[in-house]
Amino acid sequence: MTHPGALDVTVACPDEATAREIADSLLGRQLVACAQLSAPVESRYRWNGALESAREVVLVLKTRADLFEPVAGAIRALHPYEVPAITGQAVMADAPTLRWIADACIASS
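Counting from 1, one number per residue, gives the positions in the sequence shown under the working numbering.
Hints in this document: simulated from the structure, not taken from any laboratory.
Simulated restraints on C-beta separations:
hint: 1; residue 1: 20; residue 2: 49; range: 28 to 36 Å
hint: 2; residue 1: 96; residue 2: 48; range: 39 to 47 Å
hint: 3; residue 1: 87; residue 2: 52; range: 15 to 23 Å
hint: 4; residue 1: 49; residue 2: 27; range: 33 to 41 Å
None of the values given here were measured: they were computed from a predicted structure.
Ideal Cβ placement from N, Cα and C applies to all residues, glycine included.
All chains should be modelled from the sequences, with the hints used to inform the complete structure.
What follows is the structure in structure tokens.
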């Protein structure tokens, strides 16, 4: 059986509550197989010409590569930032992991 590629989608959230809300929504809609919330991290970035810093929670979502746009759209709908930095990175995985991701993500692209 052929499986679509696996993808890790990453977005920084302002707090754990926001990260959990996004994770639970995407898991409930079966757009992702897994959501991992990091410990708070310090993000340093340029915004509107100024150097900024913030404590954030990084959310990593495991999904199928063909679901990137629906996942990104769902994140944008729930995220409080004007421009949440949503990135996707293709990942290599063993056959059982690819099967699990494909089976868990039954939403259509």
